[in-house]
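Visitor: Those letters in the sequence shown? Residues 2 to 172, per the working numbering, in order.
Any given hint could turn out to be false.
Stated by the list, open to error - Heads up, simulated DSBU-like pairs for lysine-lysine below, C-alpha to C-alpha not over 35 Å straight-line:
| hint | residue 1 | residue 2 |
| --- | --- | --- |
| 1 | Lys161 | Lys65 |
| 2 | Lys65 | Lys34 |
| 3 | Lys141 | Lys89 |
| 4 | Lys75 | Lys171 |
| 5 | Lys141 | Lys101 |
| 6 | Lys89 | Lys65 |
| 7 | Lys162 | Lys75 |
| 8 | Lys141 | Lys171 |
| 9 | Lys171 | Lys101 |
| 10 | Lys65 | Lys171 |
| 11 | Lys161 | Lys34 |
| 12 | Lys110 | Lys162 |
| 13 | Lys75 | Lys141 |
None of these hints come from the bench; they were simulated from the model.
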Amino acid sequence: MALGYARNRFFRDRQRNEPGRILQCNVLVVGPKRILVECNGFDISIRNRELSYTAIADLREEYKPGQQVSARLKSADPQAGTIEISVKEVNPNPYFGAEKRHPIGSTRKAVISGTYAGGVFCRLSDDTTCMCLYSPNYFKEEFYIGDAVLISISRFDDGKKQVYGRILSKL
């Protein structure tokens, strides 16, 4: 009943349910790929994509039950009794300005944070994600999530807001 009262109070207060407003949410449960948070009486399951601009291999390393996180309110629908939030939109996207911080051809140290078909997600020191291909000198079986690698930045895609590179060596 308490959660129902909190939801009703949230929808009655116009200032609290304006899109763009920053809300405080309590982390209830953390799994490897999603977390469950309570926010103004709503239990919301949030996937990795809505938590961070960077790929996080295991959310249990970044989030803990009882932790408070800030989230931006994207929408609130009183008729349906639902809200949509984004934790990552509270912070600026690290892609913006990455072209100056990591120019094409530059070599950077990164940590492998995930894999995709044909390559890996590498996390740079400023939380920028670089989608990297393997060097011809290495096989994908030689790389694991959490490995430190040396990468070369090869291009930027402003449409997708992604940085691309190539793994030069394992550190």
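Visitor: Are the hints correct? Go through all of them and say.
Guide: Evaluated hints:
1. Lys161 - Lys65: 31 Å, holds
2. Lys65 - Lys34: 13 Å, holds
3. Lys141 - Lys89: 30 Å, holds
4. Lys75 - Lys171: Not satisfied, since the Cα-Cα distance of roughly 40 Å exceeds 35 Å.
5. Lys141 - Lys101: 30 Å, holds
6. Lys89 - Lys65: 17 Å, holds
7. Lys162 - Lys75: OK: Lys162 and Lys75 at ~20 Å, within 35 Å.
8. Lys141 - Lys171: The given pair, whose Cα atoms are some 11 Å apart, holds under the 35 Å limit.
9. Lys171 - Lys101: Holds: Lys171 and Lys101 sit about 25 Å apart, inside 35 Å.
10. Lys65 - Lys171: 30 Å, holds
11. Lys161 - Lys34: Distance ~22 Å between Lys161 and Lys34 Cα, so the pair holds.
12. Lys110 - Lys162: At roughly 20 Å apart (the allowed maximum being 35 Å), Lys162 and Lys110 satisfy the hint.
13. Lys75 - Lys141: At roughly 39 Å apart (the allowed maximum being 35 Å), Lys141 and Lys75 break the hint.
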